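Student: Knowing the structure of chain A, use the given hints to seat chain B on it.
So the sequence lines, in the order shown, correspond to chains A and B. Per the working numbering, the very first residue in the first sequence carries number 54; after that it's consecutive. Per the working numbering, the very first residue in the second sequence carries number 54; after that it's consecutive.
Rather than coming from a laboratory, the hints here were simulated on the basis of the structure. Don't take every hint at face value.
Identical copies go unnamed one by one, so any copy, or any two together, can satisfy a pair.
To be verified - Cross-link-like lysine to aspartate or glutamate pairs, in silico, EDC-like; alpha carbons within 16 Å at most:
1) LYS286 / GLU262
2) LYS173 / GLU262
3) LYS166 / GLU257
4) LYS173 / GLU250
5) LYS166 / GLU262
6) LYS269 / ASP121
From a predicted model like this one, the values you see are computed outputs, not experimental measurements.
2 protein chains.
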Amino acid sequence: MITTTIIGTGNIAWHLFRVFSLCNEVRIAQVLGRNKEALTYFGKTASLMQKRAAIAKADVYIIAISDDHIFEVSESLIDLKGLVVHTSGSVPMQVLSKHTHHGVFYPLQTLTKDRSVNFKSVPICIEANNEKSLSILSQLAVSVSEQKHIINSVQRKSLHLAAVFANNFTNHLYHIAHTVCADHQVPFSILNPLISETAAKVAEASPYEMQTGPAKRGDLGTQAQHIELLKGKAEKDIYTLLSKTITNMYQK
Amino acid sequence: MITTTIIGTGNIAWHLFRVFSLCNEVRIAQVLGRNKEALTYFGKTASLMQKRAAIAKADVYIIAISDDHIFEVSESLIDLKGLVVHTSGSVPMQVLSKHTHHGVFYPLQTLTKDRSVNFKSVPICIEANNEKSLSILSQLAVSVSEQKHIINSVQRKSLHLAAVFANNFTNHLYHIAHTVCADHQVPFSILNPLISETAAKVAEASPYEMQTGPAKRGDLGTQAQHIELLKGKAEKDIYTLLSKTITNMYQK
Chain A
54 MITTTIIGTG NIAWHLFRVF SLCNEVRIAQ VLGRNKEALT YFGKTASLMQ KRAAIAKADV
114 YIIAISDDHI FEVSESLIDL KGLVVHTSGS VPMQVLSKHT HHGVFYPLQT LTKDRSVNFK
174 SVPICIEANN EKSLSILSQL AVSVSEQKHI INSVQRKSLH LAAVFANNFT NHLYHIAHTV
234 CADHQVPFSI LNPLISETAA KVAEASPYEM QTGPAKRGDL GTQAQHIELL KGKAEKDIYT
294 LLSKTITNMY QK
Chain B
54 MITTTIIGTG NIAWHLFRVF SLCNEVRIAQ VLGRNKEALT YFGKTASLMQ KRAAIAKADV
114 YIIAISDDHI FEVSESLIDL KGLVVHTSGS VPMQVLSKHT HHGVFYPLQT LTKDRSVNFK
174 SVPICIEANN EKSLSILSQL AVSVSEQKHI INSVQRKSLH LAAVFANNFT NHLYHIAHTV
234 CADHQVPFSI LNPLISETAA KVAEASPYEM QTGPAKRGDL GTQAQHIELL KGKAEKDIYT
294 LLSKTITNMY QK
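Only chain A is shown next, with the shape it has when bound in the complex (with noise of 0.2 Å):
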């Protein structure tokens, strides 16, 4: 059985409530946070997190917060004897090594409140800073995912400018496909198989070799077209540089 504090009341500390509630071998002893009204949902758990706060014993203390205040919430935490880590894609362990044992559990996916993921297939990065912190984040990892894996910052930083390309831009692509049906009278819903299917090609093949479309065949007739049917700057913008990115990669 492993004992956890969670600091923090937003998407991660959430979702990781929610899956360590439903597993036999974690108990969660405490819910830390500033927002008394975000706090209603983790019940008795929950506390105000203020100056000289009775903080709950844990063997792991999770700091789910915003990168810019990691540093400063884990000041808090510095008499404490358990394992201090964030949940941060980006920032280094580093900023935790004032404590003995520190380390990350990093859940990589886009985690939002009120849509439930299944955990099972999430996968959990992590790294401490000793081999015996390294294995109880490894307990906790395999307890609610079946996807562990162990990544260092450097790695982690990596992973999570891949996963803006990946999630943070393809969504604002899907947005701008969005517009694009809006302005035109076309129910985008018609686009959902689409989506789908090219997210689930990319399991199976490069992306490399899926590419298909107007800019790989280099064909300018249609990207004119197109530039002339985007009502914004910045649509055109993007169209044209992704266009002219693809065609360079293509026909050389």
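Tutor: Quick look at chain B alone, frame taken from chain A:
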């Protein structure tokens, strides 16, 4: 029973042949192509397309070839009485107007040979120049798919543009993510659950609301680190432009 003749041996022809062959309501009279080798797949229905080729009688002639050659090939069908359609997302129906009965049968999906898709969920966008032809295309569409849409040429062009963002450009972002992973020795497959969840989300909520990440937060520190990590100029330019666009959209 609808009798069809398919002209072309590429990806769309391949998939239409496969799905029509499995369908009791459709009979394939002939598959015409210029490439002998590509024709072998189509067995006894295959015929070499040449001057004065004997073209089998059919209810519907489906021109499934690259955009640039649709008009030219349609000229060779000028004496036939059936309905002549193309399968392109961006070519107006108008190019077939020399034929008394003409239309469009556009499957909105990324189709590659050797990768089977569940055709029942492929949206088929149809258009025709008269009611009788539309009714035939409608019958043909519902015999292979559960998603039939009547879409005019202007709407179809917009859908095709939206599909360029949702498929071509998205796939290129996957490729960049793939490169980042390879450059830093992390397996790209760790991103698969993120990619499929990102795609699944837009079926339920608008991508505008689902946006997350350093660009949305206006987190310039993380952005600068990411740009430094990227190796190619094109990738840096794409990162910068997409981030700037997202920041402008949300920081207003």
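Student: Would you mind marking each hint as holding or not holding in the structure?
Tutor: Comparing the hints with the structure gives:
| no. | hint | verdict |
| --- | --- | --- |
| 1 | LYS286 / GLU262 | neither (30 Å within a copy, 21 Å between copies) |
| 2 | LYS173 / GLU262 | neither (30 Å within a copy, 25 Å between copies) |
| 3 | LYS166 / GLU257 | between (30 Å within a copy, 14 Å between copies) |
| 4 | LYS173 / GLU250 | between (22 Å within a copy, 13 Å between copies) |
| 5 | LYS166 / GLU262 | between (36 Å within a copy, 13 Å between copies) |
| 6 | LYS269 / ASP121 | between (41 Å within a copy, 15 Å between copies) |
When each numbered hint is compared with the structure, violations occur for hints 1 and 2.
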